[in-house]
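Visitor: Please arrange chain D with the ligands on chain H, whose structure you already have, making use of the hints.
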Amino acid sequence: MNFEFSEEQNLLREQTRGFLKDFCSPKVVRASLEANGPFNQELWRKVAEMGWTSTVIPEEYDGLGLSYLELSVIADELGRAMAPLPFSSSVYLATEAILAQGSKAQKEAWLPRLASGELIATFAMAENHGQVSPKNLTTTVTNDKIHGTKTPVPDGDYADLAIVVTQSSKGDGASWYLVDLTQSEIQRAQVRTLDPSRSHAQIDFNGASAELIGTDGGGWAATQNLLNRAAVLFAWEQVGGSDAALEMAKEYALGRYAFGRPIASYQAIKHKLADMYVRNTLARSNCYYGAWALNTNASELPIAAATARVSAIQAYYFASKENIQTHGGMGFTWEFDCQFHYRRSKILAVNVGSERQWQDKLITAIEQTSAA
Amino acid sequence: MDFNDSKEEATFRNEAREWLVANAPTAADLNGLDDMGQAKLWQKRKADAGWACIRWPKEYGGRGANAMEQVILSQEEAKVKAPNTGFFSIGQGMAAPTMMTWATEDQKKQYLPKLASGENVWCQLFSEPAGGSDLAALRTRGVRDGDEWVVNGQKIWTSGAQYSDFGILVLRTDPNVAKHQGLSYFFLDMKSPGVEIKPIKQISGASGFNEVYFTDVRIPDAQRLGEVGQGWQVALTTLMNERASIGGGGGGAGFEQIMKLAQQLNIDDKPAIEDKQVRANLANWYVRQAGLKYTGYRSMTALSRGEIPGPENSIGKLVGAPLTQDLASFAIDLMDQAGILWSPESAELENIFQSAYMSIPGLRIAGGTDEIMANIIAERVLGLPQDVRVDKGIPFSEVPTGN
Ligand SMILES: Cc1cc2nc3c(=O)[nH]c(=O)nc-3n(C[C@H](O)[C@H](O)[C@H](O)COP(=O)(O)OP(=O)(O)OC[C@H]3O[C@@H](n4cnc5c(N)ncnc54)[C@H](O)[C@@H]3O)c2cc1C
Ligand SMILES: Cc1cc2nc3c(=O)[nH]c(=O)nc-3n(C[C@H](O)[C@H](O)[C@H](O)COP(=O)(O)OP(=O)(O)OC[C@H]3O[C@@H](n4cnc5c(N)ncnc54)[C@H](O)[C@@H]3O)c2cc1C
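Chains as they are written, first to last, in the working numbering: chain H, 66 to 437; chain D, 1015 to 1417.
Only chain H is shown next, with the shape it has when bound in the complex (with noise of 0.2 Å):
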């Protein structure tokens, strides 16, 4: 039994967290959450350089080459800090999908790039409200030229290269296309959303260039597969910001007295915060188990990645909001870092599909391998 990150990589959670704590703290989330503007290209800039952009592409695409178990504790982090970077849509998203379905010139064209952060990729999915199905993707492409909205896309108003997801020309399924998002037959406009830390735009194609990549109706299919493989890079980010809002709380309620003494003394305080811990060890462990199973491109997969996203989804929910209420007052004000947490647990959870949505695959997972 080895069911735990080696030696090198516990170094290199330490190297990534004092990295983070130098270059991400609370101050520079802050600047990026009420600045409401771009991501920090700064930080992206160093943390390219770090090689983290570049940490799973193989070496000859100019990547590391190194494993899922390395994104994970970078994955870990980066959710800990709650950097305001694309690193999800570039790397979990982008990356993975031209690893996944990109020809050998797909690959040839854009993963040095992407290795080398010079490139911002995306991954645009979502049409407005409600969950997407091959039945109602309203995006087409015909001869090559892409038509139709995407809205909210991750990074999107910045992104130099989107995978959109579309009809299939038969209409019936999905395709995946690559589309360079500077050409002129693209409007993009940033949209508010629940955390400006990270910013999502609304992208419409007025027939821009469009690249298949993978096979015309087996886009859905890709899709699912990729979501399983983000979704345990996802639960990572979220149980990271989990063990950091555990820790926010405790630290407050060990400083802040009432009724004369420390409000950590109190059992509904202690208690709550006894059933934070719980959770996030729950869900951290799950992960452990996602990762390896995206490490080894496990049957276990679906499974595996659906447990970890629904547990990482309830447990950053809960402390973050949990961490709110051990502030009191002080917890509901701008000024103080609660909302960041608060905000960042709604993103990430409907970023790659709901908690709703989850549950369910993981059932059908379930009993797909029962039957199997």
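Calculated from the structure, these hints are not laboratory results.
Warning: the hint list may mix true and false statements.
The calculated lysine-lysine pairs, modelled on DSS-like cross-linking and capped at a C-alpha distance of 27 Å, are [said to hold, decoys possible]:
1. D:K1274 - H:K411
2. H:K92 - H:K111
3. D:K1406 - H:K337
4. H:K200 - D:K1284
5. H:K200 - D:K1290
6. D:K1274 - D:K1284
7. D:K1307 - H:K337
8. H:K411 - H:K172
Remember, predicted model here, so these are calculated numbers, not experimental data.
Guide: Same frame as chain H, but now just chain D with the ligands:
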């Protein structure tokens, strides 16, 4: 990251499996024996071959194995159809580690091998009507008389007292000092004159635990563990091992079983498993159960590396018991109006949830209630302050009492 055994572990697993498969009792072996008889037969067979209590030193009936080997043996034993040896878990899991730490060498040699072989069954005489969560508030008195102690009072909730040969016991030997300071720890022969055992009927209908009355019972001073007045410290050795040995089990009523049930039953003329609310609930239980399982894997990894598992280990019962309770309650609802039907002896799918429903309330209380477990996590894992106490520093005899 992988789930593979190390080379040594794999060798051990093979050896254990081979022995278990070759030696697990057959139906003929067990014919005519009651549950205790079956358990004793199997335990003895294991002990004779060196497969009982394997972490203990050889001279006390064990094998000198490491913690990971214990885990592997349990995994392999679960795969063969062997009698349930739960009768011995209090003795082997709590009394023995306490003896190991506090008894004399002669006592260890005398008592531990018979504990390992199942020849002697032990029980834990800690809780009292006035001392449960607040164990140190216990009142059963021990008064010294030469080389003996004379015991008067009452214990309650003593699991297995009715079939036990020995018991571990905490007594108040000095009521005029602060409550934790006035305790001493003993073990005694349950057949001693003056010990009276009365079964307590549980809400499940079973009678697993008892009231135990002491009237002028005499215990040799040589059976005291630790110094006079050191009983609380000795009791902590027992309690630490208790928390490690109680799981969150629900008598086989878990996710797999409710999944099966939901596939068999209908809601609105379709399999219940197609109902979205059913799916959401099942998913929530699955992820909690999985979280416990993988938390266990993390602890095992620490054991496998020869390290002490982190505090994440302490959540088992606190998560497992309420989870099983909710799951069982929902399963009963799924059976709709007939969900109330229950044959307690039956192991059929339609009966295990009612059995769990009626037994889990005890598990949320035994060995530290949910509230006490939450306090332990808050204080020992998170480092939050202890509860304010109004009984600190005053003689036990002056501490306020209620009903
Ligand atoms: C939107 C809003 C509007 C408000 N408007 C007004 C107003 O108009 N006028 C006004 O005077 N005030 C107002 N307040 C202040 C409000 O009454 C306080 O915020 C509230 O009483 C909590 O006090 P606190 O913020 O100091 O938190 P604290 O008292 O520090 O509490 C922090 C945490 O500790 C817990 N806690 C504290 N003591 C105990 C205990 N004994 N046992 C268990 N848990 C405990 C609390 O439940 C909380 O979770 C407002 C607050 C808000 C959020
Ligand atoms: C099935 C079963 C088997 C048992 N087997 C044994 C055995 O073999 N040997 C033995 O010695 N004992 C045994 N026990 C007893 C068990 O250890 C006690 O029942 C348990 O410690 C709780 O004590 P109590 O019943 O006196 O409840 P109380 O301590 O009176 O608790 C009542 C309620 O108050 C809460 N409470 C108490 N103190 C606090 C606090 N400080 N903060 C917050 N809440 C608090 C509790 O959580 C509980 O909800 C068994 C119990 C059960 C149910």
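Visitor: Now look at each hint and say whether the structure bears it out.
Guide: We went through each hint and held it up to the structure:
1. D:K1274 - H:K411: Status violated; Cα separation ~33 Å.
2. H:K92 - H:K111: Distance ~17 Å between K92 (chain H) and K111 (chain H) Cα, so the pair holds.
3. D:K1406 - H:K337: OK: K1406 (chain D) and K337 (chain H) at ~26 Å, within 27 Å.
4. H:K200 - D:K1284: Given pair K200 (chain H), K1284 (chain D) holds - Cα atoms ~24 Å apart, limit 27 Å.
5. H:K200 - D:K1290: Given that 27 Å is the threshold and the Cα spacing comes to 20 Å, the pair holds.
6. D:K1274 - D:K1284: The hint holds at about 14 Å.
7. D:K1307 - H:K337: OK: K1307 (chain D) and K337 (chain H) at ~23 Å, within 27 Å.
8. H:K411 - H:K172: violated, 33 Å
Going down the numbered hints, you'll see the structure goes against 1, 8, while the others check out.
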